[in-house]
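Visitor: From just these sequences and the hints, can you work out the full model?
These protein sequences, in sequence, are chains A and B. The letter at position 117 of the first sequence is residue 117 when you use our numbering, and the numbering goes up by one with no holes. The letter at position 239 of the second sequence is residue 239 when you use our numbering, and the numbering goes up by one with no holes.
Hints listed in this document are in silico derivations from the structure and should not be mistaken for laboratory results.
Selected chain A positions facing chain B (in silico; Cβ < 8 Å):
(1) R71
(2) S188
(3) F189
(4) K190
(5) K196
Below, a list of computed lysine-lysine pairs in the BS3-like style, where the Cα atoms sit at most 30 Å apart:
(6) B:K99 x B:K140
(7) B:K300 x A:K196
(8) A:K80 x A:K146
(9) A:K80 x A:K190
(10) B:K288 x B:K18
(11) B:K18 x A:K196
(12) A:K30 x B:K18
(13) A:K80 x B:K18
(14) B:K180 x B:K362
(15) A:K198 x B:K18
(16) B:K288 x A:K30
(17) A:K190 x B:K300
(18) B:K362 x B:K99
(19) A:K80 x A:K145
(20) A:K190 x A:K30
(21) B:K362 x B:K288
(22) A:K145 x B:K18
(23) A:K237 x A:K247
(24) B:K106 x A:K190
(25) B:K207 x B:K99
(26) B:K180 x B:K106
(27) A:K196 x A:K26
(28) A:K190 x B:K18
(29) A:K146 x B:K18
(30) B:K300 x B:K288
(31) A:K30 x B:K300
(32) A:K26 x B:K18
(33) B:K106 x B:K140
(34) A:K196 x B:K106
(35) B:K99 x A:K196
(36) B:K99 x A:K190
(37) B:K99 x B:K300
For each residue, glycine too, the CB sits at the ideal point set by N, CA and C.
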Amino acid sequence: MHVVVCVKQIPDPAVPGALNADHTLKREGKPILDESDSYGVEMALQLVDAAGGGEVTLISMAANEETAGLRTALAMGAAKAVLVSDPACAGSDALGTAKALAKAVERAGSVDLVLTATESSDGYTGTVPAQMAELLGWPALTFAKKVDIADGTVTIQRQTEAGYDTVQASLPALVSVTAGVVEPRYPSFKGIMAAKNKPVDICTAADLGLDGQLGWAGARQTITNVENAPARQAGEKFEDDGTGFEKVVSFLENLKVI
Amino acid sequence: MDFTESDEHALLRESVRKVAATFGHEYYARCTNDDVRPDDLWQAAADHGFLGVHLPEEYGGGGAGIYELAIVCEELAAAGTPLLLILVSAAISAEVIAKFGSPTQKSHWLPGLTTGTKMVFAITEPDAGSNSHRISTTAKRDGDVYRLNGSKTYISGVDESPQVLVVCRTGVDEETQRAKLSLFVVDTDTPGLHRTNIPMEIRAPEKQFQLFFDNVEISADRLIGDEGEGLRQVFEGLNPERIMSAMICNGVGRYALGLASQYANDRAVWGTPIGRHQGIAHPLATAKIELELARLMTQKAAWLHDNSTDRVAAGEAANMAKFASADAGLRCLDQAIQTHGGNGLASEYGLADLWGIVRLLKIAPVSREMVLNFISTASLGLPKSY
Ligand SMILES: Cc1cc2nc3c(=O)[nH]c(=O)nc-3n(C[C@H](O)[C@H](O)[C@H](O)COP(=O)(O)OP(=O)(O)OC[C@H]3O[C@@H](n4cnc5c(N)ncnc54)[C@H](O)[C@@H]3O)c2cc1C
Ligand SMILES: Cc1cc2nc3c(=O)[nH]c(=O)nc-3n(C[C@H](O)[C@H](O)[C@H](O)COP(=O)(O)OP(=O)(O)OC[C@H]3O[C@@H](n4cnc5c(N)ncnc54)[C@H](O)[C@@H]3O)c2cc1C
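Guide: Okay, here's the thing in structure tokens:
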């Protein structure tokens, strides 16, 4: 079985982020593997294991031929990676990103399943997975909290507000997984050393036949303005006169959490 | 010259940090309080290949060196979960067997040491103390066996190790009249080997023991390397041990400064964070400088051990690193406690319980006075006082 995992390499959230004059995110320091995608990587490794063999390929689009985040996922056990990196990608919107990633899936060879996270930690539009599936012409199964594969069919438990739906599709398909679907492993020392020599196929927009379709040139979306998120409102303070618990209970009831 | 660590080193740090963080200092303190061993953490570290990073790949190790083991040791300590037995098991016993063991011995002992089995180390004796030449535990050859008699003290972790590497006297050098030493792997449950627990005031989960060898019979193939070459051989493991003890101090120093900076930013008693008072900020900054100097020397020592043919330089660096790191780690910890005020001594804040282990590392594995003796004579050419 051949599973492809989309892994976004994002600026380290521990380092204060900054925007360029054109409102895009500065991507200067060493990027890290988006933690949301570590679940996909783990899921893929487990599925290949359960299938009794196969391979996990990573796909990423990132600036400056950055591979730092990919190395983490390769160290976890993925076999190889396709990295789309091209100055022409700068300014890509989510659809442009989906086009690049879909082409990269095709470049990866014959693929049974594509895994993504439900949304990235830096952009979090949550739109790339469905767009990719559409471009590939494959079914999209989203918000998976459990994934099983048997006899050419993928079955997921799709997280809903009330519980979950069971959704099924035939392969090949694209599945977006939620955080917590599995417990991601941490790379072992052997994994880390092996990752050093695993192949990363770096390709450009032209290599993918997407000349002129990515980056500012292809974007249908423009960022016209950026505003700070509204400051968090001060919380409500209760003076406990012996009936404090009632106020807490009614507050929680209003939130519908109890 | 390049001071940036490779991508692989960065990944190793990150991975050790994450594994250790799933346990955290609370786990460590709970093990101490509940008198249980930190086996789960030890095993997790072994399962990720961290405890055998420096051992040859053909025996299940990572094929890297002491620099990489130092990263493991430092990051575990920096997470508030220092693993003391790395010093004896991975840094001395495993290193000595990897360097001097026969192929049969290596394939017998090393694979287990990479997967989590421990082998502790016994050199210290009640009467010999810092003077290893006075070691009086003897091993006498008798056909296919050696018989061991004598005692050892302050031997860590004997209760959690199936084997202990023991330094014994096997003869006397005719010229110098000094003991000729040899190294033996002894099963901790061999008949005639008795142990008693030494109650300590260090708040760490590992225990210390006095060992008594009463005609302990071991097969002659338990001799590691050449008979009479024990001291020279053990030095190959003592430098790594010094480097690891330095990294435990550096790691705890980082852990303490991390907590102190956080606290000094958050805590305000005069309407401004206490970290704004230079009385708090400057001692922390001084501790940070000392810590980084000590880490740098420790990294150099590890690099020299792995790469340099100049063994004197490697020994000097390991000793200096050990000395400087114990002082720096203790200073960081002490200032972190001061920064926390009364909270610094409360269990909840996870600082004061680490004092014992860092304080220990000014005494063991080699005391600061013995380091100064070594630097005086080996580095400065001063006459020996003893
Ligand atoms: C080099 C580069 C330059 C960019 N420049 C701009 C710009 O100038 N202006 C702008 O508005 N935005 C820019 N972006 C960001 C981009 O437009 C989108 O934010 C992003 O790629 C997709 O949207 P999202 O992060 O909201 O994805 P989501 O839909 O939230 O992501 C869902 C999942 O899809 C997968 N995925 C998404 N993106 C990637 C990726 N790049 N690689 C691998 N997997 C991925 C992951 O699994 C992710 O968790 C740039 C991105 C890159 C990599
Ligand atoms: C918790 C703990 C764990 C330990 N674990 C192990 C272990 O696993 N295996 C093991 O073999 N040993 C172990 N040790 C022993 C440790 O290595 C020794 O305690 C240490 O080497 C000092 O030896 P000593 O205690 O005999 O001190 P002594 O040699 O009696 O020294 C007492 C004091 O005199 C000073 N001194 C001695 N000689 C000189 C001199 N020539 N010049 C100046 N000052 C001098 C010393 O520096 C020290 O301050 C452990 C000790 C402790 C406390």
